[in-house]
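Trainee: Residue-level listing of the chains:
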Amino acid sequence: MAMNRRVSIIVAVLLVAAAIAVYAWREFNRKNESLAGIKPAYEVDATFLISEFNANDTVADSKYLGQVVAVHGMVKQVEKDEEGNYTIVMGDTMDMSSVRCAMDSTQAGKASSLKRGENVKVKGSFTGFEKDDTGLLGSDVKLNRGVIVNADNR
Amino acid sequence: MKKVFAIVIGFTAIVSSVTAQDKFFTKTGKVSFYSRAPLENIEAHNRSMTCVLDSKSGNIQFSVLMKGFEFEKALMQRHFNENYLETTRYPKAEFKGQVLNNGEVNYTTEGTYKARVKGMLTIHGQTQEVETDGTLTVKNGKLMAESDFKVRLADYKIKNDKMNNISNTISVSVNCSLEPLNH
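First to last, the sequence lines map onto chains A and B.
Per our numbering, the first sequence starts with residue 13, numbered consecutively.
Per our numbering, the second sequence starts with residue 7, numbered consecutively.
Simulated from the structure, these hints should not be mistaken for lab results.
Heads up, a few of these hints could be off.
Said to hold, decoys possible - Heads up, incomplete: computed chain B residues facing chain A, CB under 7 Å, no partners named:
#	residue
1	Ala-50
2	Leu-71
3	Leu-81
4	Thr-94
5	Gly-131
6	Lys-165
As the list claims (entries may be wrong) - To give an idea of the chain B side of the interface with chain A (calculated C-beta under 8 Å), a few residues:
#	residue
7	Ser-69
8	Gly-74
9	Phe-77
10	Ser-183
11	Leu-187
Claimed, not checked - The calculated lysine-lysine pairs, modelled on BS3-like cross-linking and capped at a C-alpha distance of 25 Å, are:
#	chain 1	residue 1	chain 2	residue 2
12	B	Lys-124	A	Lys-75
13	A	Lys-122	A	Lys-75
14	B	Lys-124	A	Lys-143
Bear in mind the structure is a predicted one, so any value in this text is a computation, not a measurement.
Quick reminder that beta carbons are idealized off the backbone N, C-alpha and C, glycines included.
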C-alpha cells in the first residue's frame, strides 16, 4: 500500500514537471502572432494622432508605446521596397507629418491595391514617434506589423 | 528687363535643381542584427529606419525606433525590449557622422564606392565614437548605403544575462536605398 502511494506521488510529480517543461518549451518558441485577431487598445484618427505627438510627445509616447493601435485616415502614399514589403503612409496630404505603418507580409495583396486619397483603417503595433530635426522630412508616428482592418469599396 | 527676368528664372532653376540633388533620404531603411550563442542564434529586423545623406558635405544620419525590431519568437522580442535594451526608456538609436572620403564618391556617376564612415553612435542612451567601412552605390538615380559592423554590449551598458544567452558582440547590418530629396 505504502509502495503504491509512493509510486503515485512520483507519477504526479513527473506529470507536473512534464507539463511545466512543455509549457516552458512552447512559451520559449512561441511565434509573434498576427495582430489580425487582437483588439486595439486605442482607435484614433491619423491627423489627431499626429497632433497629440506635436502637442506633447512625452505624454503621447507613454500613452501609446507598445500598444496595438487602430488608425483611420487618408492614404498619402503606398510604398513598396525591393523585397516587396509595404508601408502605408497616412495623414493630411498638405502636411509633411504622417502616420507610417510598416505592413505585415501577409498584407501585401491588400496593401498593393490601396490608392492615394482613399480612406483606410489599419491596426499596428506602435513603435514610436520620430520628430524631424531637419525640417525636410516631416515628423512620423510609426507603427509596424500592420494589418488592414478595412478600406474604401471593400 | 525680360532678359534679366529670364536669367533670374534660369539661375533659380539651376540652383534649386542643384540643392534638390544634394540630399538623399529614406524612411524605409533596413537594419538587422545577429547574435550567435550556444543556446540559440537570434536575429531581428527593422525596416523603418530613417537615413539622410548630404552628398555635398558627406554628413550622414541614421535614426531607428528600437521597438520596431521584429523577432521570430515573441519571448525574444519581449526580452529585447524589457530586459536588454529597455526600449521604453531608450526608444531610439541614432548615428550622426560623416563620410570621411566623401570627395572620392561621385554621386552623379553610376558605380560602387567604398565609404569610410566615422561618427557618434547612440544605443541604450550611451554614445560612442565609431568608425567603420561601408559601400555607397549610385544606380538609377538612387543611392544604396550598406555597412556591416559589430557592436559590443558592454560599450553601450547593455547587460547580458548570467548564462550569456546572447553573444557579447552583436553583428549589425545596415542596408538603405536612398532617394533624392525633392521639395
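Trainee: Take the hints in turn and mark each one as holding or not.
Mentor: Hints versus structure:
1. Ala-50: 11 Å, violated
2. Leu-71: 4 Å, holds
3. Leu-81: 6 Å, holds
4. Thr-94: 6 Å, holds
5. Gly-131: Where the cut-off is 7 Å and the nearest Cβ of chain A is about 15 Å from Gly-131 of chain B, the hint is violated.
6. Lys-165: 20 Å, violated
7. Ser-69: Cβ of Ser-69 of chain B sits 6 Å from chain A, so the hint holds.
8. Gly-74: This hint holds: Gly-74 of chain B lies near chain A, its Cβ roughly 4 Å from the closest one there, short of 8 Å.
9. Phe-77: Check passed: Cβ of Phe-77 of chain B comes within 7 Å of chain A, closer than 8 Å.
10. Ser-183: 7 Å, holds
11. Leu-187: Result: holds, 6 Å to nearest chain A Cβ.
12. B:Lys-124 with A:Lys-75: 36 Å, violated
13. A:Lys-122 with A:Lys-75: Since the Cα atoms of Lys-122 of chain A and Lys-75 of chain A sit roughly 29 Å apart, the hinted pair is violated (cutoff 25 Å).
14. B:Lys-124 with A:Lys-143: 24 Å, holds
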